[in-house]
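Numbering of the sequence shown is given in the numbering used here, commencing with residue 3 and proceeding in unit increments.
In short, the hints are calculated from the structure, not lab data. Some hints here could point you the wrong way.
The calculated label-pair distances, taken between Cβ atoms and stated as ranges, are [claimed, not checked]: (1) M72 / E94: 24 to 34 Å; (2) Y11 / V79: 20 to 30 Å; (3) E57 / Y11: 39 to 49 Å.
On a predicted model such as this, the values are computed, not experimentally measured, just so you know. Quick reminder that beta carbons are idealized off the backbone N, C-alpha and C, glycines included.
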Amino acid sequence: MSAEDLEKYETEMELQLYREYRDVVGLFSYVVETERRFYLTNSVDLQVRDTENGEVFFEVAMQDAWVWDMYRPARFVKNVRVVTFKDVNVEEIAKSDFELPSTD
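Given these sequences and hints, build the entire structure.
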């Protein structure tokens, strides 16, 4: 497989992933972004924790999530638990962001 074939394959995979995201985003209420993954979910619990030496980390629990990852064969996940020392971003999705404008 040439480098050009590999690049074409990855581009097609990203396009398929975007199309899947576009199809499912309206089913979810929250976007959760970590340093490694991007999730859509309806249930998210973010806890800030301290280590014994004073460092802060985040524990994120999600149920029935969709994961933005083109290398996963199944992107729907029943339960997700993420533990990270990096930033975590949780946003509520405004449903009006996904409604098509009226043509009247």
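Results for each hint:
Separation of M72 from E94 is about 25 Å and conforms to the stated range, judged on CB atoms against 24 to 34 Å. With their beta carbons about 24 Å apart, Y11 and V79 fall inside the hinted range of 20 to 30 Å. At roughly 40 Å, the beta carbons of E57 and Y11 sit within the given window of 39 to 49 Å.
Checked against the numbered hints listed earlier, the structure breaks none of them; every hint is satisfied.
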